[in-house]
Every structure is written in structure tokens, then in C-alpha cells.
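**Student:** Generate coordinates for the entire structure from the input sequences, incorporating the hints supplied.
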Amino acid sequence: MKKVNDIFGKELKVLNIGLEQFYEDLKSQDIKAIQMDWRPPAGGDSEAADLLAALLG
Amino acid sequence: MDRKLANEEALKRLQDSEVYLVGAGKAIDVVPGMKKNLILHAGPPVTWEKMCGPMQGAVIGALIYEGMAKDEESARKLAASGEIEFEPNHHHQSVCPMAGVMSASMPVFIMENKKYGNFSYTNMNEGLGKCLRFGAFGDSVIERLHWMEDEMYPVLKEAIELSGGIDWKALVIQALQMGDDCHNRNRAATAMFAKIIGQYLSKVNADKEKISKVFEFINGNEHFTINITMAMCKAITDAAHNIPGSTIVTAMARNGVEFGIRVSGLGDEWFTAPANTPKGLFFPGFTQEDANPDIGDSTITETTGIGGFAMAGAPAIVAFVGGTYKDAVNFTLEMYEITGAENKNFKIPTLDFRGTPTGIDVVKVLETGLVPRINTGMAHKEPGVGQVGAGLVTAPMECFKKAARYMVEKGLNK
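As they're listed, the protein sequences go chains A and B.
Mapping of the first sequence onto our numbering: residues 1 to 57, in sequence order.
Mapping of the second sequence onto our numbering: residues 1001 to 1414, in sequence order.
I should point out that these hints are in silico values taken from the structure, not numbers from a laboratory.
What you were told as hints is all true, and nothing was included just to trick you.
A few chain B positions that, by computed beta-carbon distances, are all more than 10 Å from chain A:
hint: 1; residue: Glu1072
hint: 2; residue: Ser1081
hint: 3; residue: Tyr1200
hint: 4; residue: Phe1282
Sample of chain A residues at the chain B side, in silico, Cβ under 10 Å:
hint: 5; residue: Gly43
hint: 6; residue: Leu51
hint: 7; residue: Leu52
hint: 8; residue: Leu56
Away from chain B, derived, C-beta distances all over 10 Å, residues of chain A:
hint: 9; residue: Lys2
hint: 10; residue: Gly9
hint: 11; residue: Glu11
hint: 12; residue: Lys13
hint: 13; residue: Leu15
hint: 14; residue: Asn16
hint: 15; residue: Leu19
hint: 16; residue: Glu20
hint: 17; residue: Gln21
hint: 18; residue: Phe22
hint: 19; residue: Tyr23
hint: 20; residue: Leu26
hint: 21; residue: Lys27
hint: 22; residue: Lys32
hint: 23; residue: Met36
Every value quoted in this text rests on a predicted model; they were computed, and no experiment measured them.
All C-beta atoms in this analysis are idealised placements derived from N, C-alpha and C, irrespective of residue type, glycine included.
**Tutor:** Spelled out as C-alpha cells, the structure:
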């Protein structure tokens, strides 16, 4: 068995990045979880991301 | 200069400025570059033909007030003739709310930034409803403007001079502790101003009835101080302007058609985009359909870290601009993500006296995809009507993208 599977034998503590529904589902099952306040860089706006890259060099 | 160092300097100036109300004068005598055939207006540059309804209404009213036109028709003809020049208040060290129209004879307040030695100017607030700044130009509007020039101005000018200057930053610091955001809620600031100026009004050498009427006017208009606070912000942001390499925003202003920003390291260039239309609460008889797009120089307050950025400290404001108190808190919290500093002077009691989010950074706006949130008065889209309500609006992202593009193209980011 791969070592990564050890994790399922321990208490889960989850940091959720992205869709908040995953966090809500874990909380409803009494699993320790926190939701990270995260947005894609430049709010997901590729034009803004390109401008930033050029601006910050 | 390195962007980080340049921004630190801009943020320092935004916070270290000490601004006083030092006097009053006629625009023609004190506002730099003012002349008889010049009308100043809010926001970035706009021609008569492209002006929105309320701004055209305010220009019509100003031309009638100046005695240059006798009615709407002749004022429209004169405005379109090419004899009248139109320029932004911002090009003349000035800011004025809503349509922001300032003409030569209007009395103005004079602010001095004692730390950095620059001055700024603003006209005097007329009250709510049918006012020139909302595009109204009926007889009552013109009569009140003449009363303000002939009777209120001389009395106020003498009272301010007797005071030796009023520390306006100190007044705003206190007002923020008393439930004002100092953009759309100015009750505390106006009450404090009335208290301070009252003691000097009583010493003015003028007829008692006239003095009493001036005090009643100030006391009866809870927004009387917004213009003065805006001019304080202009004196602060001008001190932070023109720092090479800085990406801190030093002006946000709207002409009712376009929203424009200026950036400290990008000189006097405006970066504009179509203005959004505020959503909020309406006076009886008006609806969202009546609202003009975002207008006025008053976003200089948000640029300085107060107004919409300090809404968490002004719970009662939601009764005027709409939304819930939780929204107000969230607005302020969000603005920390796009600003460079927590203000060391302007504090929010409801956030454990955290400093207000200050100094909008173009880089942070682009990084987060978040834009400045603003609370504002709303003018009717047709000229001659006046104010229809107050609400909330955001700055267009395109302004910030244009500023970044300009900085890259001109090599000003090196």
C-alpha cells in the first residue's frame, strides 16, 4: 500500500481551496476544515494577468 | 524610482498631510487659471456636446447665475458657441461634488496642506434636492446661489479668518469616530463645524439677522461639509501625486459619462472608461430608471481612504445609500485588498480602530480583480430635475487596465 494511504487512517484536517461546497460538505460530516479565501490571479482575467506580467517585469 | 519605494512615499504623503480650512474667496480671485468664460466641471475632460443631462443643466444654471444668459435657451446657445471653455476642476487644484460646476463668481473654500505647502479649492454646498450640482437651474436654485455669494460668503469668510484656520484633518478624524464616512454621511462633521464656526460667527461684524441665517443654513444642511472634506482630500492626494514609479491612485472622478483615474507616477494623464450607474435608494417619486450614471469629484474621498472605504464605521449610512450594515463592513474589508496602507489617522471604531484602507494600488486592483467601491448621490439623468437618491457603485476595471498599459508602453515601470 502506498504511503499516501496512511493519511486515511488519521484524523483528517482539510484546507479547502476553491469551491466552498466541498468545505460545507466536510463540515457537515464533522471533519475539521477551513475554507481558504482564494481567487484566481487577476480575478481570472487573462488580459489583466498579461498586463501585470508586463508591468512587474 | 523603484515601485515599492515610490508607493511608500505616496502612502506616507497621503497620511502625513496636515490640511486646514484657511479661508474663502471668489473663484475668479483665488482658483488658479479661473477666468470669466471658463466653467469648471467634475470628472475627466468632457465637451459640452458629450456632457450628460445633469452636467448640462448645471452649466445652464451657472451661465444664468453669472448673468451671461437669461434663460435655458440662450444658455444652451452660448455653451455650444465655443465662447465658453470647459475644463475639469482637477486641472485647477479643485474638486466639487456631483456635476461639480464652478464658475467665476462663485465663492469657494480655500484649503492649505501645511505639511507639503499646496492649496486646494471647492465651491460651497447648497443642500439636497433641487441644486445646481444635481443639474437643477430653476429660479430657486439661482436665487440661493446669489444669496450664498452676496450674504453667506462674506460672513463665512470673516468667520474663517477670525478662526485663524480650522484643522480639517482633525475634524474628519473625529467625525469618523462619530459615525460619519465623510462622503455620504456628514452629520458629525457638519455638527462639529457648526460648533467651531459658531463661536466666530458671533464675532463677525455684520447684521445679526444675516449671521443667524448663515448659521441656520449650515446647521440645516447635514452635508454642508462634504465639499470642504473633498477639498481636504484633494490637498492630500495632490501632495502624493507625481512620484515617479508609483502605482498609487491620486484621483478618481466622474463626469456622468466617463469614470477617470489619475495615478501618482503617470503625470496628469486620465485613464477613463464608461461610468457605471449607482444602485440604491430613491426619493419618493423616482426610480432606478431616472438615475444618471456615476458623477462627481467626490470619489476623491475614497481615493484618500474615507467615504465608501470607511463605510464599516458608518452603520447609519445604509439608510441613505441602501444595503445592509454587513454589506458596509464587507465593502471596507474588501478595500484592504487593493490598498497599500491602513491609515494611521483615519480609524474605524467598529473594526477595533483599524486604520481605513488607504492608497489604491493599480497593481493590487489588477492582481485581485477587485475594484474600488464607492457610495454616492444620484442625479436625475435629465437636466433641470435635481437629486433623485443615493446609492452604491464601483469604479470600472478598464481604467486600471489602461493605466497599467500606459505605464508599460511608456516604460514608466522600469
